[in-house]
Amino acid sequence: MAGEKILLGCGTTKIWILLLGLRIFAFMATLAAAIVMALNKETKTLVVATIGTTPIKASLTAKFQDTPAFVFFVIANVMVSFHNLLMIALQIFSRKLESKGLHLLSVAILDMLNATLVSAAANGAVFMAELGKNGNKHAKWNKVCDRFSIYCDHGRGALIAAFAGVILMILISAVSISRILTNSNKFSTAAASSP
Amino acid sequence: MVKLTQRLGGLVLRFAAFCAALGAFIAMITSRERSSFFVLSLVAKYSDLAAFKYFVIANAIVTVYSFLVLFLPKESLLWKFVVVLDLMVTMLLTSSLSAAVAVAQVGKRGNANAGWLPICGQVPRFCDQITGALIAGLVALVLYVFLLIFSIHYVVDPFLLRKS
Chain A
225 MAGEKILLGC GTTKIWILLL GLRIFAFMAT LAAAIVMALN KETKTLVVAT IGTTPIKASL
285 TAKFQDTPAF VFFVIANVMV SFHNLLMIAL QIFSRKLESK GLHLLSVAIL DMLNATLVSA
345 AANGAVFMAE LGKNGNKHAK WNKVCDRFSI YCDHGRGALI AAFAGVILMI LISAVSISRI
405 LTNSNKFSTA AASSP
Chain B
7 MVKLTQRLGG LVLRFAAFCA ALGAFIAMIT SRERSSFFVL SLVAKYSDLA AFKYFVIANA
67 IVTVYSFLVL FLPKESLLWK FVVVLDLMVT MLLTSSLSAA VAVAQVGKRG NANAGWLPIC
127 GQVPRFCDQI TGALIAGLVA LVLYVFLLIF SIHYVVDPFL LRKS
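Taken in order, these protein sequences are the chains called A and B. Heads up: take any position in the first sequence, counting from 1, add 224, and you land on this note's numbering. Heads up: take any position in the second sequence, counting from 1, add 6, and you land on this note's numbering.
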C-alpha cells in the first residue's frame, strides 16, 4: 500500500510536470542555438586595392568554422540538447523505475555536468564575439562586425538562445537535486513506518 | 571511520582547489611584459583583454569561497547551500577558463580570416605565463568537478547510509 503510493508519487506530481516542461524548453533553446550558429555564414565582395582606375575585388567569407570557440559552441550545444532529449525520454518512459538505485542520482549529476558544459560554451563564444564586435586596440585586432553585420546578428541570436539554455539548465539541476531529497525522505519515512 | 576519511578527503580536495585557483590568480596578475619594436614599445598586460580580466575575477571569487568553506563545521546546516554554491562556482570556473583559452588561442595563432596577427611572437614570456595560469585554472576546474560530486554525496546521502 505504501509502496504503491511512492510509485505513483514519483510519476504524476507537479514537480514531474515542471521538470518535463523545463527540459523541453532547454532542449529547444540549445538546439536553436546550435542550428543558428552552424548555419552562420556571410560572403561579401570587398574592394581590396585599386590599380589605376580598376578596383580589385576579393570575396571574403565569414563562417563559424574560422573561430574554434564557435565550433566548440556548436558541438557543446548539440551535446546538451541530445542530453535533454534523452532525459525527456527517460522521464516519460520509466516512471516506475525512478525510485530504484542510482537512477535519480545519475540524472542529477549528469544535469549538473551538462549545465557547466553549456555555460562554458556560451561564455567562450560571447567573449570571442565581443572581440569581433569591438576589436582590440592593444593587440591591433580590428573589428569584424561593421563589415559582416548579418553574421554578427545571427551570432547574437544564437548566443541569446544559449544563455537561455544555461539558465534553464541551472533550474533543471536544482529541480533534479530536490527530487533526490524528496525521494530519500519518502524512503526513510516508509522504512520507519513499516515495522 | 568511513566518515572521517570521507571528510578528510573532502578537505584535502578543497585545499588543493584553493591552491590551484590562487596560483591561477597570481600567475595571471603578475604577467606583464614590455617589448620594444624599433621606437614603439608595446606593454602587454592581462587587463588589455576582457576575457583575462574575467578569468582573474572568477579565480579570485573561487579562492575566497574555497577558503571560507574549508572552515565550515561538520554538522552545520549550511552544507545544503554548499551544494548549490559548488555548482555555481564550477560554472564560473568553466566559463572563465573557456573564455580565456579562446582568446589566448587567438593571441597565439592569430585568425587569418579576420586579419588578426598573433601577438605571442613579440611577448613570449607573457604568453608562457598566461599558459601557466590557464593550466592552473584547468586543475582547479577538475578538482571542483570532483568536489561537486563529493558535496552531493556528503549532503544528500542518496544511498541512505546514514541511520536517522
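Read the hints as simulated data drawn from the structure, not as lab findings. Ideal Cβ placement from N, Cα and C applies to all residues, glycine included. It is possible that part of the hints are untrue.
Stated by the list, open to error - If you want the ones that stay clear, here's a sample from chain B, every Cβ over 12 Å from chain A, calculated:
#, residue
1, 36
2, 51
3, 57
4, 67
5, 78
6, 121
What the hints assert, rightly or not - With a straight-line Cα cutoff of 30 Å, these simulated BS3-like cross-link-like pairs (lysine-lysine) come out:
#, chain 1, residue 1, chain 2, residue 2
7, B, 51, A, 357
8, A, 367, B, 86
9, B, 114, B, 51
10, A, 268, A, 357
11, B, 9, B, 80
12, A, 265, A, 357
13, A, 320, B, 86
14, B, 59, A, 367
Hints, one by one, checked against the model:
1. 36: holds, 18 Å
2. 51: With a cut-off of 12 Å, residue 51 (chain B) comes too close to chain A, as the shortest Cβ separation is near 9 Å.
3. 57: violated, 4 Å
4. 67: It holds; residue 67 (chain B) is separated from chain A by about 15 Å at its closest Cβ, greater than 12 Å.
5. 78: Label holds. Min Cβ-Cβ 19 Å, cutoff 12 Å.
6. 121: violated, 7 Å
7. B:51 x A:357: The hint holds at about 21 Å.
8. A:367 x B:86: Distance ~46 Å between residue 367 (chain A) and residue 86 (chain B) Cα, so the pair is violated.
9. B:114 x B:51: holds, 15 Å
10. A:268 x A:357: holds, 17 Å
11. B:9 x B:80: Given that 30 Å is the threshold and the Cα spacing comes to 10 Å, the pair holds.
12. A:265 x A:357: holds, 16 Å
13. A:320 x B:86: holds, 28 Å
14. B:59 x A:367: Roughly 20 Å separates the two Cα atoms, so the pair holds.
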